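Enquirer: Protein chains in written order, with our numbering: chain A, 1 to 112; chain B, 113 to 225.
Derived from the structure by calculation, the hints contain no laboratory data.
Keep in mind that a hint or two might mislead.
[Claimed, not checked] Label-pair restraints from in silico Cβ distances:
1. B:Thr192 x A:Ser69: 40 to 48 Å
2. A:Asp78 x B:Pro152: 28 to 36 Å
3. B:Pro152 x A:Asn7: 14 to 22 Å
4. A:Glu3 x B:Pro152: 15 to 23 Å
[To be verified] Which chain B residues face chain A? A few, computed with CB under 7 Å, are given here:
5. Ser155
6. Leu156
7. Ile205
8. Ala214
9. Phe216
10. Gln218
11. Gly219
[Claimed, not checked] Computed footprint of chain B on chain A, listed as stretches where at least three residues anywhere in the stretch have a Cβ under 8 Å from a Cβ of chain B:
12. 36-50
13. 82-93
All values derive from a computational prediction rather than experimental measurement.
Idealized CB from N, CA, C, for every residue including glycine.
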Amino acid sequence: QKEVEQNSGPLSVPEGAIASLNCTYSDRGSQSFFWYRQYSGKSPELIMFIYSNGDKEDGRFTAQLNKASQYVSLLIRDSQPSDSATYLCAVSGNTGGFKTIFGAGTRLFVKA
Amino acid sequence: GAVVSQHPSRVICKSGTSVKIECRSLDFQATTMFWYRQFPKQSLMLMATSNEGSKATYEQGVEKDKFLINHASLTLSTLTVTSAHPEDSSFYICSATKGTEAFFGQGTRLTVV
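Use the sequences and the hints to build the structure in full.
Expert: Right, dumping it as structure tokens:
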């Protein structure tokens with residue numbers, strides 16, 4: 001079982017719609033959860049982080065965490081073509097110097 | 113957020129030569145840095161954990177004699193790809209952790225010809 005799993009996609013949504021990205025993780029000791037956006041040929045950039053169960057909202061982005069289900073998601077409201085990218089779910093724990101493990105990423109296409 | 117600088121951003125080298133990539137934390141001290149490799153359309157794969165003042169910890173399947181890591185100071189880690197071959201061509205990315213948040217360098221596109 002992979003440590004962090006994501007649907008590779010591509011996920012295609014029309015402009016203005018809500019994009020929903022999902023991620024599951026295997027290590028119950030994980031403490032920190034991140035969503036990164038990566039454009040082709042570029043390094044990842046942090047979109048959201050969440051540490052506690054529940055929802056966390058930042059602008060058009062909402063991260064949701066359910067530790068009991070080992071599930072974290074990212075909602076993007078009012079999707080824009082510029083949101084088209086690969087979204088990486090990342091998880092880190094309290095061992096290995098907060099080593100961050102990444103999922104394979106979900107490719108999102110927002111159609112104008 | 114914190115700044116991590118990676119250099120060079122792009123390098124082309126001949127097969128059999130060695131290439132050094134630098135990763136610097138510019139505005140914070142990082143006792144631990146991480147090196148990732150990313151092949152096209154794949155996710156970041158952790159290669160090794162670089163520890164300041166001690167030996168790096170390599171992930172399973174990563175050759176420590178081929179990918180030399182030196183973390184000589186609290187702000188600098190280097191990755192040297194020795195005797196590079198075309199199959200080593202990839203996007204190499206470093207990160208440093210401040211608190212629990214990982215900050216990434218710009219990445220290095222290595223092409224071995």
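Enquirer: Now tell me if each hint is right for this structure.
Expert: Hints, one by one, checked against the model:
1. B:Thr192 x A:Ser69: 40 to 48 Å: Check passed, 42 Å falls within 40 to 48 Å.
2. A:Asp78 x B:Pro152: 28 to 36 Å: Because 30 Å falls inside the window, the suggested range holds.
3. B:Pro152 x A:Asn7: 14 to 22 Å: 19 Å, holds
4. A:Glu3 x B:Pro152: 15 to 23 Å: Once the Cβ atoms are compared, 22 Å apart, the range 15 to 23 Å for Pro152 of chain B and Glu3 of chain A holds.
5. Ser155: Constraint on Ser155 of chain B satisfied, holds at 4 Å.
6. Leu156: 5 Å, holds
7. Ile205: This hint holds: Ile205 of chain B lies near chain A, its Cβ roughly 6 Å from the closest one there, short of 7 Å.
8. Ala214: Hint on Ala214 of chain B: holds, closest Cβ of chain A at ~5 Å, below 7 Å.
9. Phe216: 5 Å, holds
10. Gln218: 5 Å, holds
11. Gly219: 4 Å, holds
12. 36-50: holds (count 7)
13. 82-93: Our answer is that it holds, as 3 residues pass the Cβ test (under 8 Å) against chain B, meeting three.
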